[in-house]
Amino acid sequence: MRRRLAPYLLVLPGGLWLAIFFVLPMVVMLSFSLMQGDVVNGFQLTWHWQNYTDSLSAYDDQLIRSLVYGLLATAACVLLAYPAAYWIAFRGGSRKSTYLFLMLLPFFVSFVLRTFSWKFLLADDGIVLGPLKNAGLLPQDFHVLATGFAVVAGLTYNYLPFMVLPIYVALERVDPRLIEAAQDLYAGRAQAFLRVVLPLSVPGVFAGVLMTFVPVSADYVNATVLGGTNNTMIGNVIQNLYLVNNDYPQAAALSFALMAILLIGIFAYARALGTEDVLEVAAR
Amino acid sequence: MTELRETEAATAAKVAAIELRGVVKSFQSHGETVTAVRGVDLTIAEGEFFSLLGPSGCGKTTTMRMIAGFDEPTEGQIILHGGDVVGVPPNRRDVNMVFQSYALFPHMSVFENVAFGLRRKNTPKDEVTRRVGEMLEIVDLAGREKRRPRELSGGQQQRVALARALVNRPRALLLDEPLGALDLKLRQAMQVELKRIQREVGITFVYVTHDQGEALTMSDRIAVMNEGVIEQLGPPRQVYERPATAFVAGFIGTSNVLSGTVARADGDTAVIEPGPGERILIPGAAAEAGGTVELTVRPEKIAIGLHPPDGEACALRGTVTEVVYLGTFTNYTVRTSTGAEVVVFVQNASSADDVAASGDTVWLSWEPRHSYAIGA
Ligand SMILES: Nc1ncnc2c1ncn2[C@@H]1O[C@H](COP(=O)(O)OP(=O)(O)OP(=O)(O)O)[C@@H](O)[C@H]1O
Ligand SMILES: [Mg+2]
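Same order as they appear, the protein sequences are chains P and L.
Letter by letter, the first sequence follows residues 37 to 320 in this note's numbering.
Letter by letter, the second sequence follows residues -5 to 370 in this note's numbering.
Mixed in with the good hints, there may be bad ones.
[To be verified] Some, not all, of what chain P presents toward chain L, calculated at C-beta under 8 Å:
id, residue
1, D211
2, A217
3, D220
4, L221
5, Y222
6, A223
7, V232
8, P235
Everything labelled a hint here was simulated from the structure, so no lab data went into it.
Glycine included, each C-beta is placed from N, C-alpha and C at the ideal position.
Whenever a hint applies, use it, and build me the whole structure from the sequences.
Listed below in structure tokens is the structure:
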């Protein structure tokens, strides 16, 4: 009896934690998304589904921009993280953990502070653009801040470790003898990478994409600090609706719509990439 | 003996499959130079089953990796089928390797694993299907094409590894302790299987093992390695019965190594006389009176008795220190008057009771032709 209960007892603390701090607020938010009213007179649950259609049609620009920025930043993260993780895993030798630590070092500084440091770096007459403009290499009205590029760059920078770590873990687990076996079987370096290393690291890339795409799409700090007024993301809208307009139902509806879209996207992605057939085809 | 002569003739007639000339390999690790292979010369004939035998860390894997091209020798030449291959990457060497741990691709099916080499060589699709099918037939894995390596038993994985290498029809196959991970029964079955496959495909096998029984039963020739050098190279029978060094004698089978000062030389027979009534005759030992000789005697060649033997046999007195009953054999350990411990196997069919008990004084005897001077 005891033995059968043991696994459940182990799950209990974490389960309770999630129930109180995740499930409960979710239910509250879900009910908010179907309410009507305002802060002064209170909100009533009226099953007002229009909250969803109204908010989605009002903020479709920001929503699409969020998904596009999310995809761009995630793609940039993969492109930057993969070679770095590869290098650490296969060339890092006995200093692997040092290199990993160095990659993570900036992230001991507060997220907001780091983003502000980018603002400082990329300011219109800051330490990068100022001298370039003075030297006549860039036109005087050139700017990086308040562009979509700045937002995507900031997002990429801020979420890079979430991509590096899972890819590193996957690559680290690839037995170097498999690469030798591939070379022994007439594969050159490129072929050995494409047929063996890459497919075996797909789970790491998969995890990394999940861990970056979701928070990146919902991020609002980067757009606020680096994006100016024309590049706001859905996170900014939700934040505004909550904190400025106090329109809780619309804000909640928009949050759930975003969540649903991300979940659907992720499931589609998992189905496409997560199966063994994909690996098999890649190997052929 | 005829077998030996045939092998030698074959070696001389054809271009050697694999030739190592003065090969040295050093590694730099933690600021120190480790020399794993210190000057190896080898010639392996086309179609030969050649074994590299030696204790852990003696440089077997390192030697193989240099032949396959994963490591380059620090010094010396490696010649495959007449061409020097130093500097040629592994994917352009016409040899394939079966790894100690199999190194099967975990993300591919059995079929894709075996097809890997053929696909890299852009073999036409239907030929890939045909050849992979044939090879899986040979290794008795037909019908399991779709499985993943982790869904196979150890012996099946081993056969996939073998098929994956053999399907490319390499001119030589390198096998690094391919049976190391298998239990005894499966191991023995696979030994027979490997030998059959080698005869069937007729290609050169270089087989690394630290199991002397395996090397003795399977090989045409054996190279016994120790600390990066080859101590002896020859057919199994020769290595077993005429060990060239004390190391080989000790490593191959249980062997007794004795030494003593030569009392006199009768023609080419050296005679040691350790004590009254004791004598060891060593035919073919090129030793002068007063010199020292080391010799070996196999445990199964020695008889044990309570009285000194008659006639011209070798005779040695000693005290039994241990008796171990092993079913068909009894294993005696005897401390002899020379100081060396000698192991004797006595077949139990000949006597119902133990000949001697622990603590008894006994006489050991054997025919002079079973004494071998080490290095003769
Ligand atoms: N890459 C390397 N760097 C440093 N030393 C090495 C390296 N590879 C092998 N060695 C050393 O070379 C020696 C021979 O190693 P090798 O792997 O050839 O032994 P082996 O005969 O195959 O042993 P085993 O039966 O245990 O597989 C060992 O002392 C080992 O520590
Ligand atoms: Mg080895």
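**Request:** Taking the numbered hints from earlier one at a time, note which ones the structure violates and give those numbers from smallest to largest.
**Result:** none
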